[in-house]
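*Asks:* Listed below are the residues making up each chain.
Number of protein chains: 2
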Amino acid sequence: MPLFDNSNEDPTVKDQISFLNNELGKLQREAIQLKIPIVILFEGVDGAGKGALINRLLLSLDPRNFKVHAMHSPNEEALYRPFLWRFWIKTPKQDQMTIFDRSWYRHLIDDRVEELLEAQGLPDIFEDINNFERQLADDGVLIIKLYLSISMEEQRSRFEKLEKSATTAWRVTQKDWLHHAQYDNYQKMVSDMIEKTNSEMAPWHIIDSSSIKSATIKLLEWVSNKITKAIEEKKLEEKPVFTSELQWRSHAKKDSPLDPVDLSQSLELDDYQKRMNILQEKVYNLEHLLYLSRRPMVLVFEGWDAAGKGGAIRRLVKGLDPRGYEVIPVGAPNADELNHHYLWRFWNSFPKGGHIAIYDRSWYGRVMVERLEGFCTEKEWKAAYQEINEMESHWAKCGTIILKFWIHIDQDEQLARFNAREENPLKRWKITEEDWRNREKWDDYKIAVEDMIQLTDEMDAPWVVVEGNNKRFARVKVLETTVKAIESVLC
Amino acid sequence: MPLFDNSNEDPTVKDQISFLNNELGKLQREAIQLKIPIVILFEGVDGAGKGALINRLLLSLDPRNFKVHAMHSPNEEALYRPFLWRFWIKTPKQDQMTIFDRSWYRHLIDDRVEELLEAQGLPDIFEDINNFERQLADDGVLIIKLYLSISMEEQRSRFEKLEKSATTAWRVTQKDWLHHAQYDNYQKMVSDMIEKTNSEMAPWHIIDSSSIKSATIKLLEWVSNKITKAIEEKKLEEKPVFTSELQWRSHAKKDSPLDPVDLSQSLELDDYQKRMNILQEKVYNLEHLLYLSRRPMVLVFEGWDAAGKGGAIRRLVKGLDPRGYEVIPVGAPNADELNHHYLWRFWNSFPKGGHIAIYDRSWYGRVMVERLEGFCTEKEWKAAYQEINEMESHWAKCGTIILKFWIHIDQDEQLARFNAREENPLKRWKITEEDWRNREKWDDYKIAVEDMIQLTDEMDAPWVVVEGNNKRFARVKVLETTVKAIESVLC
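Sequence order for the protein chains is A and B.
Here our numbering is used: position 204 in the first sequence is 204, and no number is missing along the way.
Here our numbering is used: position 21 in the second sequence is 21, and no number is missing along the way.
Please keep in mind that the hints were generated in silico from the structure rather than gathered at the bench.
Among the clues, some could well be false.
Any copy will do: because identical chains look the same in the list, a pair fits if it lies in one copy or spans two.
Using 25 Å as the maximum straight-line C-alpha spacing, the simulated DMTMM-like pairs for lysine to aspartate or glutamate come out as follows [as the list claims (entries may be wrong)]:
1. K196 to E114
2. K229 to E487
3. K441 to D305
4. K93 to D336
5. K35 to D457
6. K188 to D124
7. K90 to E76
8. K35 to E326
All of these numbers come straight from a predicted model, not from anything done at the bench.
Next up, chain A with everything else stripped away, as it sits in the complex (with noise of 0.2 Å):
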């Protein structure tokens, strides 16, 4: 027998909720057609009801544009990964709703209930919650959480009638009987989470659950009231945004990082060839260490157009084994990756632990050229600083090795290099109209290179200068770099 039965549902009520559906539904097209993305979680303690109460919110809604997730304990895939991985990469697009049922909190909350969670940890799990959900908001999402609550003694009667069905017993788990037992203790976690993570752009909204009519009603309103509200935000572009300009400074800083950058280094073919070798044979070694590691690694590949990116990726990747490695070259968005926030797509390509994603161009895209041509805001590409600060900083602290190369040659190398491109048939393809173009912007994009490095090298994700004008020597350090890096965490 279902935990709530509907069959004599009083008539006053039924009506009441078929109104609210109604009503629900139509909000619900009105934000498909402005383009608002919802989220809407659900948390709260085992037995309250979570399932049967997501059922009752989706009768309200067009199944073309809703999306259940239900969030277990992560598996393989979201483990060898950073925390905030498997969320991320369900986020909705514009036209969508994503419904979590458990969310990126079970792991404040059971995992802290278990004693699975170190409490020093706790700090940087709530900053960058908090971070995650201030990212979604300024790109527009609606964030609704809901804690839903019983009493104890509602929480034991439920369990012992689902222990009853033949059919529904095993979903009463010793785990759950254990949380039970640890009523107090639950609740004291869930109100710490809540007091840390109740923020303006994402309030959480308690529900009483022990009638199961009552609590329908409630989440309907709350949930037809939230969109209502964002729809008349976007409507009057009102929306707040969240993420503070504070991080951006102005490129006028004393010291350039590109202008003391040597060029004339170089080395000689036979030099080149000796080490190459032994870094090659280092780094297929180090890829196995890495892999028993269980670490990930993201190496990015940044530099102006012709500087040898390419080039150096194939020699750093000629020796390893492709299993443990991918190459992931970043162009233009496309149309779903349009339709989500601009750092969704890389969190979808992160390495799984023990392996290394090399990206040839990277979400360093979004203050260089969005920034220069015009693709995004100036509040937004200002914002972008801070945002990939935090999630680079995520990754790291997750456990990731990260590096990132600039790799620098100056404006008569460049040159030289196009005109050797278009003079040889076998690379003419590789040279387009567009690199002539960002070529008379040297200037702007110079300034732009410069804020980036200084504005997003940090300790645990620093940027690495390459002097490319000479590939022999460019090629040499990027793999020398990378397997010290390695090396100082593995070795």
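Once you have looked at the hints, place chain B on chain A.
*Replies:* For chain B alone, coordinates are given in the frame of chain A:
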């Protein structure tokens, strides 16, 4: 030390490889422009050098357009789905090359050697694999199947070399030595497999990889030749079609599955509510049983516009736990889906064992709207009956419970519902110009429906025609049929 040291390569061999690399790069770019998707799979005994050779291949290619998948033993996501699922969802887009390091053949070698596969299941697996490859080939995919071969002695010496180094010793597992001890048996399985799956559309090619250098050359040459040939065929539009139209027969059968349907059947409100309550409780319990059985369930809803598919689905899921089912509304394919085989998107939403996927419209669009509106060629929709039967048959063999509903109404009833919708402000959005246009083609659609039901009504994936003029009758019949289908399998 890498398995294949390349520090002292013979300069003429180096030149030859470099020439082939350039050639292959050029061919890849041409294949991309012509939209030829490519699948390359590598099989071979342990230690044959798959990783090293794949890396040699990758060095020729533009990383924007290939993707390597190392197919390890299936994880939980794959184990709880039909065997071909994890390969289907990774098939390439029109401008992509997908490289499988191990493939669907893993099952036919390793699992046979380890005696995990029962002999009586083999013919089905061979059949399903051949069907899979034929379906891809008919969609224009170039399939290159490579088997790397080394002698038993060479295998032993390579294992010993790997074991000598601390960083690579872990790569040689007990299983590898077990396979080594069974080298002859392994070869027997391989010969049998190659013989049974060596088809015109997807032939095997065996490469002796005792020497990495000559294997590299042979690999690059073979792949280049195959792509060259595919390019020529594509330009001449000479690509052969492998699916016969045998399963297609004229609709002019004597017995229409629609004409005898008694649309006058109905249910009184009292009776309806009583039966609904009983059925919803049953289906709630069965959902749990299904979950415990780990069998996937696929429910397809097709029917005339306004036949009541949505309403029937709503009543079906009303009492269910949303963690156990998903409603998948199927509309026009998006850009990504259009770039894949038309069945690809349905493989992607296939439910995990224990879960129910409810398709609101489905792959049958191929033989309905796509057939009638000319969205695919006559050859294509005529081949679809067989392709769909093969897909559903594979799912059923792998334990899936499949039910397909055609919700039937007559033209008068449809007109009444269209008018009612237009008069109701809450439902007006549901009716579009297209609905009125489709209505004018009623007779054509009827022929297509009859063909569809007659040609794809299979024992393990039956069609159920639902009398839909009376909504209450239809909803009860859907629920009742679903309950019976689960009960007949699980109870």
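*Asks:* Each hint: holds or not?
*Replies:* Status of the hints after comparison with the structure:
1. K196 to E114: within (20 Å within a copy, 53 Å between copies)
2. K229 to E487: Neither. Shortest intra-copy (53 Å) and inter-copy (47 Å) distances fail the 25 Å Cα cut-off.
3. K441 to D305: For K441 and D305, only the intra-copy Cα distance (12 Å) is at most 25 Å; the inter-copy one is 56 Å.
4. K93 to D336: So K93 and D336 pass the 25 Å test inside a copy (8 Å) and across (15 Å) alike.
5. K35 to D457: Neither, since 35 Å and 41 Å both go past 25 Å.
6. K188 to D124: This pair counts as within: shortest intra-copy Cα distance 19 Å, inter-copy 57 Å.
7. K90 to E76: For K90 and E76, both the intra-copy (17 Å) and inter-copy (19 Å) Cα distances are at most 25 Å.
8. K35 to E326: Between copies only: 23 Å across chains, 34 Å inside a chain, cut-off 25 Å.
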